[in-house]
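For the sequence shown, our numbering begins at -9 and goes up steadily by one.
Think of the hints as simulated: they come from the structure by calculation, not from any bench. Note that the structure is predicted; figures quoted are calculated from it, not measured. Glycine included, each C-beta is placed from N, C-alpha and C at the ideal position. Incorrect hints may have been included.
As the list claims (entries may be wrong) - Distance windows between CB atoms, simulated:
1) 5 <-> 108: 45 to 51 Å
2) 8 <-> 90: 36 to 42 Å
3) 97 <-> 9: 46 to 52 Å
4) 4 <-> 44: 22 to 28 Å
5) 131 <-> 25: 37 to 43 Å
6) 124 <-> 23: 37 to 43 Å
7) 63 <-> 30: 35 to 41 Å
8) 25 <-> 51: 28 to 34 Å
9) 63 <-> 98: 26 to 32 Å
Stated by the list, open to error - Cut-off 30 Å, straight-line C-alpha distance, at most; resulting in silico cross-link-like pairs (BS3-like, lysine-lysine):
10) 8 <-> 89
11) 29 <-> 120
12) 103 <-> 90
13) 29 <-> 112
14) 47 <-> 120
15) 90 <-> 112
16) 47 <-> 11
17) 29 <-> 103
18) 118 <-> 23
19) 69 <-> 25
20) 89 <-> 120
21) 23 <-> 9
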Amino acid sequence: MIISKMQEEVTVALKAGKKEKVDTLRFALAELKNKAIEKQSELDDSEAISAISTMIKKLNDSISQFETAGRQELVEQYKNQVSILQTYLPEEIGEQELKKIVSQVIENNAALKENVGALIGKSMAELKGKASPARVSEMVRNLTQNS
(Lines of atoms letter the chains of each structure in order from A and count residues from 1; the text may use other names and numbers.)
(Lines give C-alpha, C1' and ligand atoms only; values in the text may rest on other atoms or scores of the structure.)
Protein backbone atom coordinates (compact mmCIF):
# COMPACT_ATOMS: atom_id res chain seq x y z
CA MET A 1 0.00 0.00 0.00
CA ILE A 2 1.28 3.44 -0.94
CA ILE A 3 0.65 5.10 2.42
CA SER A 4 2.53 2.44 4.40
CA LYS A 5 5.39 2.61 1.89
CA MET A 6 5.57 6.38 2.43
CA GLN A 7 5.59 5.92 6.21
CA GLU A 8 8.47 3.43 5.95
CA GLU A 9 10.42 5.79 3.72
CA VAL A 10 10.02 8.63 6.24
CA THR A 11 11.86 6.47 8.77
CA VAL A 12 14.59 5.59 6.27
CA ALA A 13 14.98 9.23 5.21
CA LEU A 14 15.15 10.34 8.86
CA LYS A 15 17.98 7.90 9.54
CA ALA A 16 19.77 9.02 6.37
CA GLY A 17 19.38 12.69 7.30
CA LYS A 18 17.39 13.60 4.18
CA LYS A 19 15.45 16.52 5.65
CA GLU A 20 13.73 17.61 2.42
CA LYS A 21 12.42 14.10 1.72
CA VAL A 22 11.21 13.74 5.32
CA ASP A 23 9.41 17.10 5.16
CA THR A 24 7.82 16.32 1.79
CA LEU A 25 6.63 12.88 2.84
CA ARG A 26 5.29 14.13 6.18
CA PHE A 27 3.35 16.86 4.36
CA ALA A 28 1.95 14.31 1.88
CA LEU A 29 1.02 11.88 4.66
CA ALA A 30 -0.78 14.66 6.53
CA GLU A 31 -2.75 15.50 3.38
CA LEU A 32 -3.62 11.83 2.88
CA LYS A 33 -4.71 11.53 6.52
CA ASN A 34 -6.97 14.58 6.09
CA LYS A 35 -8.52 12.95 2.99
CA ALA A 36 -9.13 9.77 5.00
CA ILE A 37 -10.78 11.79 7.78
CA GLU A 38 -13.00 13.53 5.21
CA LYS A 39 -13.96 10.17 3.75
CA GLN A 40 -14.33 8.64 7.23
CA SER A 41 -12.42 5.54 6.20
CA GLU A 42 -8.97 4.50 5.02
CA LEU A 43 -7.89 5.50 1.52
CA ASP A 44 -7.23 2.75 -0.98
CA ASP A 45 -4.30 3.03 -3.38
CA SER A 46 -6.31 4.60 -6.21
CA GLU A 47 -7.60 7.32 -3.87
CA ALA A 48 -4.09 7.91 -2.53
CA ILE A 49 -2.75 8.16 -6.10
CA SER A 50 -5.46 10.66 -6.95
CA ALA A 51 -4.62 12.77 -3.88
CA ILE A 52 -0.89 12.67 -4.65
CA SER A 53 -1.61 13.70 -8.24
CA THR A 54 -3.58 16.68 -6.93
CA MET A 55 -0.67 17.64 -4.65
CA ILE A 56 1.72 17.48 -7.61
CA LYS A 57 -0.61 19.61 -9.71
CA LYS A 58 -0.72 22.27 -6.96
CA LEU A 59 3.07 22.18 -6.63
CA ASN A 60 3.46 22.57 -10.41
CA ASP A 61 1.10 25.57 -10.34
CA SER A 62 3.22 27.11 -7.59
CA ILE A 63 6.38 26.42 -9.58
CA SER A 64 5.09 28.38 -12.57
CA GLN A 65 4.09 31.28 -10.29
CA PHE A 66 7.50 31.30 -8.61
CA GLU A 67 9.24 31.22 -12.00
CA THR A 68 7.23 34.28 -13.05
CA ALA A 69 8.18 36.02 -9.80
CA GLY A 70 11.86 35.09 -10.21
CA ARG A 71 12.03 33.03 -7.00
CA GLN A 72 14.46 30.40 -8.26
CA GLU A 73 15.21 28.93 -4.80
CA LEU A 74 11.52 28.10 -4.32
CA VAL A 75 11.26 26.74 -7.87
CA GLU A 76 14.06 24.26 -7.11
CA GLN A 77 12.56 23.31 -3.73
CA TYR A 78 9.13 22.62 -5.24
CA LYS A 79 10.60 20.72 -8.20
CA ASN A 80 12.42 18.47 -5.71
CA GLN A 81 9.14 17.89 -3.86
CA VAL A 82 7.40 16.99 -7.13
CA SER A 83 10.13 14.50 -8.02
CA ILE A 84 9.85 12.87 -4.57
CA LEU A 85 6.05 12.54 -4.83
CA GLN A 86 6.11 11.29 -8.43
CA THR A 87 7.89 8.13 -7.29
CA TYR A 88 4.60 7.07 -5.66
CA LEU A 89 2.57 7.39 -8.84
CA PRO A 90 2.26 4.54 -11.32
CA GLU A 91 4.21 4.80 -14.57
CA GLU A 92 2.26 6.72 -17.20
CA ILE A 93 1.32 4.84 -20.36
CA GLY A 94 3.03 5.55 -23.66
CA GLU A 95 1.71 7.79 -26.42
CA GLN A 96 0.57 4.90 -28.67
CA GLU A 97 -1.37 3.20 -25.87
CA LEU A 98 -2.95 6.53 -24.90
CA LYS A 99 -4.01 7.17 -28.49
CA LYS A 100 -5.49 3.67 -28.78
CA ILE A 101 -7.57 3.98 -25.58
CA VAL A 102 -8.78 7.52 -26.35
CA SER A 103 -9.69 6.49 -29.92
CA GLN A 104 -11.72 3.61 -28.53
CA VAL A 105 -13.55 5.92 -26.10
CA ILE A 106 -14.37 8.31 -28.96
CA GLU A 107 -15.59 5.40 -31.11
CA ASN A 108 -17.77 4.00 -28.31
CA ASN A 109 -19.29 7.43 -27.65
CA ALA A 110 -19.90 8.65 -31.20
CA ALA A 111 -22.99 10.56 -30.07
CA LEU A 112 -20.73 12.81 -27.98
CA LYS A 113 -18.37 13.62 -30.85
CA GLU A 114 -19.22 17.34 -30.67
CA ASN A 115 -18.92 17.46 -26.87
CA VAL A 116 -15.16 17.42 -26.30
CA GLY A 117 -15.55 18.00 -22.55
CA ALA A 118 -17.69 14.88 -22.14
CA LEU A 119 -15.21 12.83 -24.18
CA ILE A 120 -12.35 14.08 -22.01
CA GLY A 121 -14.33 13.08 -18.91
CA LYS A 122 -15.03 9.59 -20.24
CA SER A 123 -11.39 9.20 -21.32
CA MET A 124 -10.18 10.31 -17.87
CA ALA A 125 -12.43 7.73 -16.22
CA GLU A 126 -10.91 5.05 -18.44
CA LEU A 127 -7.33 6.22 -17.89
CA LYS A 128 -7.45 7.13 -14.21
CA GLY A 129 -3.89 7.14 -12.85
CA LYS A 130 -2.41 6.01 -16.17
CA ALA A 131 -2.02 9.40 -17.86
CA SER A 132 -2.08 13.01 -16.76
CA PRO A 133 -5.26 15.01 -17.41
CA ALA A 134 -3.29 17.38 -19.65
CA ARG A 135 -2.10 14.52 -21.88
CA VAL A 136 -5.60 13.01 -22.08
CA SER A 137 -7.18 16.36 -22.89
CA GLU A 138 -4.62 17.08 -25.60
CA MET A 139 -5.08 13.63 -27.16
CA VAL A 140 -8.91 13.93 -27.18
CA ARG A 141 -8.69 17.37 -28.80
CA ASN A 142 -6.21 16.14 -31.42
CA LEU A 143 -8.26 13.07 -32.30
CA THR A 144 -11.61 14.92 -32.49
CA GLN A 145 -10.15 17.67 -34.70
CA ASN A 146 -8.56 15.22 -37.11
CA SER A 147 -11.71 13.18 -37.70
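Can you give the numbers of the hints that this structure goes against, from lowest to highest? Result: hints 5, 6, 8, 9, 10 and 17 break, sorted rising.
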